[in-house]
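**Q** Throw the hints in and build the complete structure from the sequences for me.
As a plain string of letters, each chain reads:
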Amino acid sequence: MRINGIAIDDSFAEAFPMKATRLVITAHDRTWAMHAAVSATGMATSVIACGCEAGIERELAREETPDGRPGVAILLFSVSGKELAKQVERRVGQCVMTCPTTAVFAGLREGEPVPLGRNLRFFGDGWQMAKVIQGVRYWRVPVMDGEFVAQETTPVIKGVGGGNLLLLGRDTDGALAGASAAVQAMRGVPGVIMPFPGGVVRSGSKVGSKYKAVVASTNDAFCPSLVNLSPRSELDEEVRCVLEVVIDGLAEADVAAAMRAGIAAVVERGAGAGITRISAGNYGGKLGPFHFRLHALAPQGAAQ
Amino acid sequence: MRHTLVTRGKPTLRIDARSIVPATLCALSREELLRTLLPHGREAVPIGEWFEVRSESADDAQPWLRLEGELARFDHLGAGMAAGILELHGSVGDGVGIGMSGGTLRVDGSAGALAGCAMSGGWLEVIGDVADFAASALPGEMEGMRGGTLLVHGRAGARLADRMRRGTVAVHGDAGEFLASRMVAGTVAIGGACGPHPGWGMRRGTIVFAGEAPPPPATFVPVLSDAEVIWQLLARDLERFGSRFDGLPRRAVRRWAGDLAVEGKGEWLVPH
Numbered sequence: 002m003r004i005n006g007i008a009i010d011d012s013f014a015e016a017f018p019m020k021a022t023r024l025v026i027t028a029h030d031r032t033w034a035m036h037a038a039v040s041a042t043g044m045a046t047s048v049i050a051c052g053c054e055a056g057i058e059r060e061l062a063r064e065e066t067p068d069g070r071p072g073v074a075i076l077l078f079s080v081s082g083k084e085l086a087k088q089v090e091r092r093v094g095q096c097v098m099t100c101p102t103t104a105v106f107a108g109l110r111e112g113e114p115v116p117l118g119r120n121l122r123f124f125g126d127g128w129q130m131a132k133v134i135q136g137v138r139y140w141r142v143p144v145m146d147g148e149f150v151a152q153e154t155t156p157v158i159k160g161v162g163g164g165n166l167l168l169l170g171r172d173t174d175g176a177l178a179g180a181s182a183a184v185q186a187m188r189g190v191p192g193v194i195m196p197f198p199g200g201v202v203r204s205g206s207k208v209g210s211k212y213k214a215v216v217a218s219t220n221d222a223f224c225p226s227l228v229n230l231s232p233r234s235e236l237d238e239e240v241r242c243v244l245e246v247v248i249d250g251l252a253e254a255d256v257a258a259a260m261r262a263g264i265a266a267v268v269e270r271g272a273g274a275g276i277t278r279i280s281a282g283n284y285g286g287k288l289g290p291f292h293f294r295l296h297a298l299a300p301q302g303a304a305q
Numbered sequence: 699m700r701h702t703l704v705t706r707g708k709p710t711l712r713i714d715a716r717s718i719v720p721a722t723l724c725a726l727s728r729e730e731l732l733r734t735l736l737p738h739g740r741e742a743v744p745i746g747e748w749f750e751v752r753s754e755s756a757d758d759a760q761p762w763l764r765l766e767g768e769l770a771r772f773d774h775l776g777a778g779m780a781a782g783i784l785e786l787h788g789s790v791g792d793g794v795g796i797g798m799s800g801g802t803l804r805v806d807g808s809a810g811a812l813a814g815c816a817m818s819g820g821w822l823e824v825i826g827d828v829a830d831f832a833a834s835a836l837p838g839e840m841e842g843m844r845g846g847t848l849l850v851h852g853r854a855g856a857r858l859a860d861r862m863r864r865g866t867v868a869v870h871g872d873a874g875e876f877l878a879s880r881m882v883a884g885t886v887a888i889g890g891a892c893g894p895h896p897g898w899g900m901r902r903g904t905i906v907f908a909g910e911a912p913p914p915p916a917t918f919v920p921v922l923s924d925a926e927v928i929w930q931l932l933a934r935d936l937e938r939f940g941s942r943f944d945g946l947p948r949r950a951v952r953r954w955a956g957d958l959a960v961e962g963k964g965e966w967l968v969p970h
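Protein chains in written order, with this note's numbering: chain A, 2 to 305; chain B, 699 to 970.
Fair warning: there could be bad hints in the mix.
[As the list claims (entries may be wrong)] Per the computed footprint, the stretches of chain A lying under chain B, defined by three or more beta-carbons under 8 Å from a beta-carbon of chain B, are:
1. 60 to 71
2. 132 to 140
3. 143 to 150
To be clear, the hints were calculated from the coordinates, so they are not data collected in a lab.
From a predicted model like this one, the values you see are computed outputs, not experimental measurements.
Ideal Cβ placement from N, Cα and C applies to all residues, glycine included.
**A** Encoded structure:
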């Protein structure tokens with residue numbers, strides 16, 4: 002398939018079930034809410050070594066938050082509910098409770114509850130107080146700017162991690178511009194995050210390595226420097242830069258919507274803008290239950 | 699089965715009507731309902747002696763029962779109810795909704811003493827006034843209301859929410875003396891004024907004075923730091939009760955902590 006001069010591979014992104022939750026962080030103003038959100042989602046690009054994948058979903062207006070203050074919704078994904086619970090507690094305890102004026106609330110209604118403020122309350126050293134409002138328990142921990150309010154638990158649901166697009170570019174400038182445009186479009190889709198820096202990853206990986214101790218290694222099939230060297234290379238000499246956008250979503254449909262938006266943004270720019278081909282990462286379809294076929298997600302009626 | 703019970707007159711003695719709960723009576727046919735006995739002094743008298751009963755088949759999602767007329771001598775109506783809707787049109791006796799754990803109980807009139815005592819869930823709404831010890835503990839019990847919501851559109855008597863542990867009590871009008879005394883936790887919101895000794899011995903919990911706030915006693919201290927988040931969460935919840943609670947989130951609030959004579963983790967929130 003080719004649209005606006007951009008080749009779209011007959012391939013698919015292979016994604017996996019993950020445990021996910023949404024947190025709503027509010028603060029006195031949007032600046033401090035964003036400080037907390039950025040900090041809480043820091044160093045959370047990949048479950049390979051970060052414990053979770055996390056990112057900012059979107060900013061929330063005063064009317065959308067439980068306490069009427071500016072807020073930020075963040076999503077966190079992990080491989081197990083237990084690991085996610087650990088990450089939620091650590092990140093909220095170290096990055097949200099510490100941030101001036103913040104409060105934290107669950108951003109989902111349904112799901113298996115894991116502690117949010119339940120254990121952080123002990124920071125109050127006996128001065129903490131609970132308040133149950135409409136059946137929801139909040140913990141109030143005295144801190145130096147007043148009190149830190151945290152909902153007791155946050156629901157965890159089954160999410161989808163590892164949706165992706167591989168954007169093959171003619172040069173670095175073109176690839177960066179195309180990837181940024183894709184990420185920008187995807188950020189308008191609710192329920193997803195792109196956990197890598199700027200939403201983009203250049204060190205795409207494959208499972209395993211020639212070294213026993215290494216669980217993931219460089220995706221040599223898409224390294225331009227290995228064209229004509231790696232037997233697995235899927236590139237031709239025209240491609241000089243490949244960037245990947247990884248997408249985690251609360252539901253399969255959310256990931257599909259984000260990939261659709263990303264593909265549309267790239268093909269709208271046309272091949273002249275630098276991206277000449279779109280592909281996706283998979284493991285032959287044997288590992289992950291979610292398959293996102295690129296041709297099904299491409300803009301309809303535009304194929305040439 | 700949907701039943702409507704209309705009183706024939708005023709009973710001579712008080713009637714223990716704790717068996718009048720929707721889930722039980724709606725499972726009965728009209729004939730079975732008419733034969734159901736209610737204690738009246740030393741006797742047990744069939745419901746049919748006191749009420750005209752209108753019954754209709756209805757596919758209600760939850761049991762629905764309605765009583766109309768002179769109910770002031772019927773005590774413990776809706777006691778322990780866990781589900782369904784009970785509508786009481788007329789002023790009722792003591793102990794309405796005591797120990798209820800779920801469902802909706804609405805009194806289109808006033809209620810006697812001990813309304814919603816020891817309730818642990820559900821919605822109890824009284825359009826008129828409630829007498830003393832509403833939402834408080836039963837005699838000899840250590841805990842008062844443990845959950846649910848009591849909404850009083852009129853006034854409340856003395857000892858409202860005594861030993862209350864959880865849940866929400868909202869009163870549009872005034873409250874009597876010893877409001878929320880010995881309170882353990884939960885929320886009490888008052889739209890009017892209150893009598894002497896509010897919050898006496900309260901260990902934890904919140905009293906919101908949306909109307910005329912009393913001067914805090916010496917065992918309460920002002921808290922000057924910001925509590926905007928919990929205030930907004932609480933005020934937005936209380937706003938649904940209307941009347942004096944309308945616009946509550948848009949009012950600034952002063953906070954007092956006490957009663958220092960006991961644990962001292964209770965609070966008064968005074969919007970201004």
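**Q** It remains to establish, for every hint, whether it holds in the given structure.
**A** Status of the hints after comparison with the structure:
1. 60 to 71: Coverage by chain B holds here, the residue count being 4 at a Cβ distance below 8 Å.
2. 132 to 140: holds (count 5)
3. 143 to 150: holds (count 4)
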